[in-house]
Amino acid sequence: MKDVLFIDIDGVIMSRIFVDGGFPQVLDAFESIEKLKKRFGCNIFIISKSSRVDERLEVIKWLSRNKFYSITGVPIQKLILCDRESEKAEESKKKKATHFIGSRRETMVYLRRVGVKNRLLFKGNKEEGEDDFDFILSEVVQVESWQEIQKILLG
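Residue numbers (my numbering): 95 to 249.
Simulated from the structure, these hints should not be mistaken for laboratory data.
Values in this document were obtained by computation on a predicted structure and should not be read as measured data.
All C-beta atoms in this analysis are idealised placements derived from N, C-alpha and C, irrespective of residue type, glycine included.
Do not rely on the hints blindly, as some may be mistaken.
[Said to hold, decoys possible] Straight-line Cα separation of at most 16 angstroms, EDC-like style, residue types lysine to aspartate or glutamate; simulated pairs:
1) Lys211 to Glu184
2) Lys190 to Asp97
3) Lys96 to Asp114
4) Lys132 to Asp104
5) Lys161 to Asp122
6) Lys143 to Asp177
7) Lys143 to Glu185
8) Lys211 to Asp97
[Claimed, not checked] Ranges of calculated distance between the beta carbons of each label pair, as one might list FRET restraints:
9) Lys245 to Gly115: 28 to 36 angstroms
10) Leu121 to Lys189: 26 to 34 angstroms
11) Asp177 to Leu248: 31 to 39 angstroms
12) Leu248 to Lys187: 23 to 31 angstroms
13) Asp148 to Lys96: 30 to 38 angstroms
Using the sequences plus the hints, can you model the full thing?
Quick look at the structure:
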């Protein structure tokens with residue numbers, strides 16, 4: 095069975111912090127994703143909860159404008175846009191995800207329910223509040239940087 099990696103866009107690839115009129119990429123994200131292709135090959139999917147059409151268009155434009163596809167080698171066909179956080183788990187199950195990198199504890203709970211074993215929580219979303227979904231923290235690997243993700247996934 096091949097390893098399949100899902101990477102959430104919000105807070106993992108694209109920063110949540112608005113700087114100089116836009117959202118910058120998370121430090122080392124693109125280059126790290128390109129390196130992860132050594133292990134995952136064409137089995138890397140990027141995913142985002144974008145329930146409105148304008149949000150979806152913004153995600154697509156942001157990825158194109160920042161040359162995500164050409165730098166990482168992950169094609170646009172691997173982009174999945176969902177209406178709800180829980181759909182990220184449903185999509186992960188459909189594609190037989192073995193690994194998921196995300197920034198929301200809520201998503202980690204949904205992923206647990208569908209059997210995704212390797213869950214990396216990137217910096218944790220401070221907006222969720224201290225007690226929301228805290229029980230999941232003992233079941234995920236918490237990471238603070240893409241360098242740390244590379245060490246875990248590539249050795």
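We went through each hint and held it up to the structure:
no., hint, verdict
1, Lys211 to Glu184, "holds (14 angstroms)"
2, Lys190 to Asp97, "holds (8 angstroms)"
3, Lys96 to Asp114, "violated (41 angstroms)"
4, Lys132 to Asp104, "violated (24 angstroms)"
5, Lys161 to Asp122, "holds (14 angstroms)"
6, Lys143 to Asp177, "holds (6 angstroms)"
7, Lys143 to Glu185, "holds (12 angstroms)"
8, Lys211 to Asp97, "holds (11 angstroms)"
9, Lys245 to Gly115: 28 to 36 angstroms, "holds (34 angstroms)"
10, Leu121 to Lys189: 26 to 34 angstroms, "holds (27 angstroms)"
11, Asp177 to Leu248: 31 to 39 angstroms, "holds (33 angstroms)"
12, Leu248 to Lys187: 23 to 31 angstroms, "holds (25 angstroms)"
13, Asp148 to Lys96: 30 to 38 angstroms, "holds (35 angstroms)"
Hints 3 and 4, counting from the list given before, are not met by this structure.
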